[in-house]
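Asker: Okay, here's what each chain looks like letter by letter:
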Amino acid sequence: MTLASSASPTGPATAPSVRQPTSQWSQGPAVPVVSVLVALLLGAIFVLISGHNPIQAYAALLFGAFGSPYDITETLVIAVPLTLAGLSVAVAFRTGLFNIGAQGQLFVGALAAGWTGAQFPDLPGVVLLPLTLVSGVLGGAAYGAIAGWLKATRGVNEVITTIMQNYIVVFVMHWLLQDGPMSAPNALGTPASSPIGAGAILPIIIPNSLVPLSRLHAGVLLAVIAVVVFWFLLWRTSLGYELRAVGLGARAAAQAGIDPRRRMIMVMGIAGGFAGLAGMIQVSGLFHRVYDGFSSGFGFDAIAVALLGKNSPIGITLAALLFAAFQRGGTIMQSNAGISSHLIEIVEAIVLFVIAAETIVRAIASRRGTPAEALA
Amino acid sequence: MKRLFALAFITVLVATSCGALGIGGSSIKVGLVTDIGGLNDKSFNALANQGRLDAASQLGVTTSVIESKKQEDYVPNLTTFAQQNYDLVIAVGFLMTNATWTVAKQFPSVKFAIIDGAPANAKGDTENLPNVANLFFKEQEAGYLVGVIAATMAKNKVGKATHNTVCSMGGIPIPPVDRFIAGYQDAVKTVSPSTTILNGYSNDFVDQAKGNAVGVNHIGKGCDILFQVAGGSGLGYIAAAKQAGVYAIGVDADQKDAAPGTVITSALKRVNKAVFDTAKAVKDGKYKDGDNFFSATNDGIGYGSLDPVVPADAKAAADQALADIKSGKIKPKDTVQVKG
Amino acid sequence: MSLEVLIGAGVLATALRLATPIAFAALGGVITERSGVTNIALEGSMIMGAFFGIVAADKTGSLPIAIAVALLAGLGLAALHALASVTFRADQIVSGMALNILALGLTSYLNYELYGTTGTPADLPTVPPLVIPGISALPFVGEVIGKQNALVWVMFVLVVVLQWFLFRTVPGLRLRAVGEHPRAADTVGIDVRRTRYWAVIASGAIAALGGVFLSMAISGSFTDNMTNGRGFIGLAAMIFGRWTPVGALVASLIFGYGDALSVSLQGQSLGDLRFPVQLLSTIPYVFTILAVAGFVGRSRAPAADGLPYESEGH
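Chains as they are written, first to last, in my numbering: chain F, 1 to 376; chain Y, 1 to 340; chain W, 1 to 314.
The shape of chain F in the complex, shown without the other chains:
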C-alpha cells in the first residue's frame, strides 16, 4: 500500500507524474485524531518549558473556542472564510494545479463586492445581495482565471503567477483605498471604501436575544452551500470526474475530455470564485465595507486546511474548524492564561507538523508488524 502525497507545487507542470492524495478519511478518523492528540502533547511540553501551565492553557483554548454559544459563533465566523479558501485551494489540487493565490483572489472578490454594494446602495436586498455576491465570485474567478490562462497559453507555472498576484493585489488595494478611486474619506483617515448599501449586508442569523453579541452571519449558510457545490461538482458532474481523473494522472481522460487549456482556465476560475466568495462574505457579513489590509492570512492557512482535509469536502470543513478553534481559542489563551500569541503559533505548527508526519503515528497506531512493513 503506497502512501500518496499531494501534488508538488513546484514540480511537474502537467498531469502525468502528479499523484492525488487519496481520501484517507474513508479509512477512518482514528489516525488523524491520534495525531492531533500527540501534537497537543508535544505542544503542552513546550508550554511547560516556557513557564506556563499547560492545563490552564489548553482549558483556555478549548473553552475559548467552544465554551459558550457565543464562543462557538466566533469560531464559526473564522471557519467560514477558511473553509471557502480551503475549497479554492482544493479544487485546484484535484486537477494537479497549485493555487497559492487564494489570498489574492479573496481580496479581488472583496473589492468587487465592496464596490458593487456601495455603488447601488438604494437597491433592495433581494436584488443587491445576489448582485454583490455574484460580483465577488466573478471578481475572484477572473483573477484566478488569469493565472490559468497564463499557464495554458504561455506555460507560466501557476505557482509563480499566483504568488506574484497575491502581492500585486495587496498594493493595488493600498492604492485604491488610501488615496485612489475607491477611497471613501471618513473622519479618521482609516483607509476604507464606502459602506455598502443595507441591502448588501448579510444578516446575522442568530438573533441577539438567543446569543448576545453574536456576529454569526448568513455567510455560514453560503459556506455550507459552497461545500455542497464543491462535492457536487467533483463527484456528480462529468466535468468533475474528468478533473479528478486528470489529477490522478489518467492520460486517457486528459485527452478524451475538454481541451486541457480550457480546463486549466476553468479550474483556476472556479478556484478563484470560491476564494472571491470568501472575500465577499467578509465584506458583506462582517465589515460592511472594504478595509485596507483586512483578512490577511486566510489564503495561506487555506493551503494547510486543504491538505489536512485531504482535499475532501468533509475533511476541509473539519480542518477549517480546527484552525478556527485554534485562532479563537488562542485569543483566550493570551487574555486569560497570559500566553504569548507566538507560543500559540508554535503549538499550532507542532500540530500541523505531526499531522503531516502521521505515517509514523499510523505505524504506532496499527501496531502490526515492524514499522517498515506498515510503511511499505
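Some hints here could point you the wrong way.
[Stated by the list, open to error] Okay, derived cross-link-like pairs now, DSS-like style, lysine-lysine, Cα gap no bigger than 27 Å in a straight line: (1) Y:K256 / W:K59; (2) Y:K160 / Y:K339; (3) Y:K105 / Y:K329; (4) Y:K331 / Y:K189; (5) Y:K256 / Y:K189; (6) Y:K288 / Y:K331; (7) Y:K160 / W:K147; (8) W:K147 / Y:K221; (9) Y:K69 / Y:K157.
Just so you know, these hints were derived from the structure itself, not from any lab.
Put chains Y and W on the given structure of chain F with help from the hints.
Answerer: Structure of chains Y and W alone, referenced to chain F:
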C-alpha cells in the same frame, strides 16, 4: 445548563489567571488590544504595552494584553475584555475605530479608549460615546521639533551633513504617518528654506530591506539627515544612514540605541504616557471621554535624546520651537507638502 | 525623468543587493528540488538564520561563530523537514508550511523574550562590504559591484560552484538522478534517502545565508518576520530559472531590479502623471510574470519532484 457550566469554568480560569498575575481583586483591570503589528513592532504597540506595564507596576492595576492577528479579531478581542468586566479597555490604533464603537455600545458600563482615533459608526462618521476616550496625538508637533534640529544642522553644514539636504520615509501614506512628515517639512521650510527636502515610502512597516533601499536612494541624492516614520521598515532606513556615515532621526520611541552615533534624535510620540495617564484617570475617577489630545502642552510629544554631534544652537532652536508651540505661536502644518 | 533613474549605477547596485537574499533561497530550492524533495520551508530556514545569527553575534561578539550558528539553525529546521519528508514520507507541503509557521513563531517568541521592548542591541559584528580595489575604481561597474557586501560575492561563488557541481560532477549527476529516476538510481546503488537528506539539509544552510544577509549585512538588527516572503519569491525564482543555479540567479536579479525600480521611481513623473507610490511596489511582481510569460517553452521540474520515494525493504 452547559452555558452556566462553561461560564463557571471561565470564571475559575479568570480567577486563577488573576492569581497568576498576582494582583488582588480590589484594583482596576486594564486590558490592551494591540493592532496587527504585534508587540515586537518597536514603536506603536510596544510603547502602548510599555504604558500598560508601567501602570501595572506603578499603579497596581491588573492588566492583560491581546495581540490582534487580523482585522476580524478587533471586535472579539475587545469583547473578550469587556465580557470579563475589565474597567478600561484600550484599543491601539486608528483601524479599530469602528470595532470600538460597536463594542462600546454593547458594554456601556465598560470604559474604552482608542489610541489615534475616535469611535466611528457604521457609516464611517465619528460618533463620540460617553464611555470612549479618544487619545489623539499631534504628531506634526513632534515632527516639527526634529525638523528644526535637522534644518539647523543642514543649513550650517554640521558634521557629516554637508549637502544641505534632508529627507524622510513613511511606511504607508496614512494620516498619523503623514502628520509627522508634514511637521518635519514645515519646520525645514521655515528654518532653512534653502534646504532640499526629499520624501519617500517603503509601503511596508516590517521589511527592513525595503526601507534600506529607500534610504540608499535618498543618500544617493544627497540626503544627510534621514527621518524614519516606518516602524520596523524604518530601522532599515536608519541602517542605510549608518552605513553611509550620515545621520538619522527615530520616531515614536527614543531610538538612540538603534544606532548610536547615527541617530541624532527622535520624534517622540508618548503612547505609553497616554496609556498610563488614562489608566490612572480611571483609577482616580477622572476619566474624560471624547477627545483627549496629547501634544506639546501636556508632554505628549517631544524630541528624544540628542546625540553629542547636535550643536547647542540646534537644541536651543528646538527648545524655542517647543515653547512657541506650547504658547500657540507656532502651529505646525499637518499636511505633507513634498510628497515624494 | 532621467535615464539615471532607470539604469543608473545606484539602481543596479540596489538591484543586486535586493536580489541576493532571494538568490540564496532560490539556490537552496534548486538543490532540494533537484534531489526530488519540495522544501517550501526555505522561508523558515531564512528567518532562523537571520535571528540566531544575531543572537550568536550578541552573545559571542564573534562574526564567524554567529554565521556558523545561523547556518546550524537554518540547517536544523531543514533537517526536520528531511525527517518528515524522506523518512516519514509525509506530505511535503504541509510539513514545509508547518515548519515555516514554527520558525516564524519561534523567532518572534524568542525575540520578545530576549530583546523585549529594547530591540536587538546595536553595534553587533556585521558582515562587512568587500571592496575590490581594481574593480571599485572603474567608473560605472565600480559603483555597481565594487562595494557590495561580502555575502553578495559568496552568493556569486555559490552560483558558480553549484552550477558546476550539479552539471559537471559525478555526485551532482547522482543527485539529479535521484530527482529524476529514484528507482533507477536505487538500482545502480545510489542511496536515495541519504542523498535527499544531504540535499535538504544543504538547502537549509544556503537559505540561512540569505537570512544572515538580511539581518547581519543590510540592517544589523532583527525584527519579526523580516524575511517578508522572500523564501517564497525565491521558489518562484527557482521555477523561473528552470531549476538551475544560473537561472535562479538571473531570475532573482530580474526581481531585484524591479524592486529597485519601485524605489527609484518614487517622486518621478512622466509628464504630468505621477506614479502612485503604492502601485510602484507592484513593479517587481508584474515584471516577473511578464518575464516568465515572455520566455518561450515550458519549464520542467525534475520528474520525481515532490514524490516520496518508496523502496523495497528500506
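Asker: Take the hints in turn and mark each one as holding or not.
Answerer: Results of checking the hints against the structure:
A hinted pair counts as satisfied when its Cα atoms are at most 27 Å apart, and K256 of chain Y with K59 of chain W qualifies at roughly 21 Å. For the hint linking K160 of chain Y to K339 of chain Y, the alpha-carbon distance of about 25 Å falls within 27 Å, and the restraint holds. Restraint check for K105 of chain Y and K329 of chain Y: the C-alpha separation of about 40 Å exceeds 27 Å, so the hint is violated. Restraint check for K331 of chain Y and K189 of chain Y: the C-alpha separation of about 14 Å stays at or below 27 Å, so the hint holds.
At roughly 25 Å between alpha-carbon atoms, K256 of chain Y and K189 of chain Y fall within 27 Å of each other, so this suggested pair holds. Among the hinted pairs, K288 of chain Y with K331 of chain Y is consistent with the structure: their alpha-carbon atoms are about 25 Å apart, no more than 27 Å. Between K160 of chain Y and K147 of chain W the CA atoms are separated by roughly 20 Å; this keeps the pair inside 27 Å, and the hint holds. Distance check on the hinted pair: K147 of chain W and K221 of chain Y sit about 18 Å apart at the alpha-carbon level, within 27 Å; holds.
For the hint linking K69 of chain Y to K157 of chain Y, the alpha-carbon distance of about 45 Å lies beyond 27 Å, and the restraint is violated.
Violated hints, in rising order: 3 and 9; the structure is consistent with all others.
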